[in-house]
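Mapping of the first sequence onto numbering that gives the first Met the number 0: position 165 corresponds to residue 164, and the numbering continues sequentially without gaps.
FYI, nobody ran anything at the bench for these hints, they're computed from the structure. Just so it is clear, the structure is predicted and the values come from calculations on it, not from any experiment. The beta carbon of each residue, even a glycine, is placed where N, CA and C say it ideally should be. Hints may contain errors.
Distance windows between CB atoms, simulated [said to hold, decoys possible]: (1) Glu-244 - Asp-65: 48 to 54 Å; (2) Phe-127 - Arg-261: 22 to 28 Å; (3) Ser-272 - Ala-210: 21 to 27 Å; (4) Ser-23 - Pro-271: 56 to 62 Å.
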Amino acid sequence: MPELPEVETVRRRLAGHLPGLVLSDLRVMDATVSGQSEAELRELLAGRRVLGLRRRGKYLIIDLEDMVAVLHLRMTGQVLLSTLGDIKPEGRPPRFVWSFAPGPDLHFRDVRRFGRLWAFVPAAEAEFFAGMGPEPFGKEFTVDYLRAALEGRTAPLKAVLMDQRRLAGVGNIYADEALFRARLHPLRPAGSVGPREALRLHAAILETLQAGIDNAGSSIDTFVDPAGQRGAFQEMLSVYQRAGEPCRVCGTAVRRVVVTGRGTHFCPRCQPSRGRLAL
DNA sequence: AGTGGCTCCTGGCGGC
DNA sequence: TGCCGCCAGGAGCCAC
0 MPELPEVETV
10 RRRLAGHLPG
20 LVLSDLRVMD
30 ATVSGQSEAE
40 LRELLAGRRV
50 LGLRRRGKYL
60 IIDLEDMVAV
70 LHLRMTGQVL
80 LSTLGDIKPE
90 GRPPRFVWSF
100 APGPDLHFRD
110 VRRFGRLWAF
120 VPAAEAEFFA
130 GMGPEPFGKE
140 FTVDYLRAAL
150 EGRTAPLKAV
160 LMDQRRLAGV
170 GNIYADEALF
180 RARLHPLRPA
190 GSVGPREALR
200 LHAAILETLQ
210 AGIDNAGSSI
220 DTFVDPAGQR
230 GAFQEMLSVY
240 QRAGEPCRVC
250 GTAVRRVVVT
260 GRGTHFCPRC
270 QPSRGRLAL
């Protein structure tokens, strides 16, 4: 599940290879990957030089001369670069392929086909990302911002953390891990979080995301970087997908509940509900 | 407006 | 051994 750390891992890898190359051609094997046709995408993108790579939340942004391409990996998206390792054919063809001159091919693989590609002029970018919450590592995401985002809300704390309009980049894995680190119960009403707890949560979000980036992401399911390498953060998870296993801090069995349709993992002892919840 | 439920998609896995 | 049905989840959409 590519979240901010996984997309950042992809961005850093590509940033060492793509800038300066010309996107010479592209082929779309699965038309559902974009609302734009292969011909439209080629018209907009082909022949342009790559200027750089950015990330916004879980979106990967490829800056080209006078044009922007945006890719969302969603659940199972993989970006593979042929110079970084042999791209071995697997059962399913890539959803699209970009060819660079001189040099490598970029394959976008995506088993569950939720990933999406967009292309537009730079002037359209602000509208594209309008309504998206601040970057966790940006200046706007302060403790005060977090407190205001939680204040008065009855929705589960975890649901607010994962709401991309409130905060960009946090998904299911890092929400569970950040809440564990902050010792906060995922089902606490967001508005019940006090000032000291918000301070802990703010630090926990940043520390958890940074640990994910430092370990090249979590390869829980299919995530690999553009060289086909797995991340290592899955080996350090405290609660995510550890239901029934002992908490690494206190030994209590990790519990699993469903919060807004998402598997949610927590330690009932380290993350007490403070009597507000019958759990 | 805030909240929650549904949908997309398919490989993998549990159950019988 | 084989097959059916269910599950995972980011984000958009819809209903209340």
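Hints, verified against the model:
For Glu-244 and Asp-65, the Cβ-Cβ distance of about 52 Å falls inside the hinted range of 48 to 54 Å, so the restraint holds. Checking the proposed 22 to 28 Å range against Phe-127 and Arg-261 shows it holds: the Cβ atoms sit about 25 Å from each other. For Ser-272 paired with Ala-210, a C-beta distance near 26 Å keeps the hint of 21 to 27 Å intact. The supplied range of 56 to 62 Å is met by Ser-23 and Pro-271, whose beta-carbon atoms lie about 58 Å from each other.
Of the numbered hints given earlier, the model fails none.
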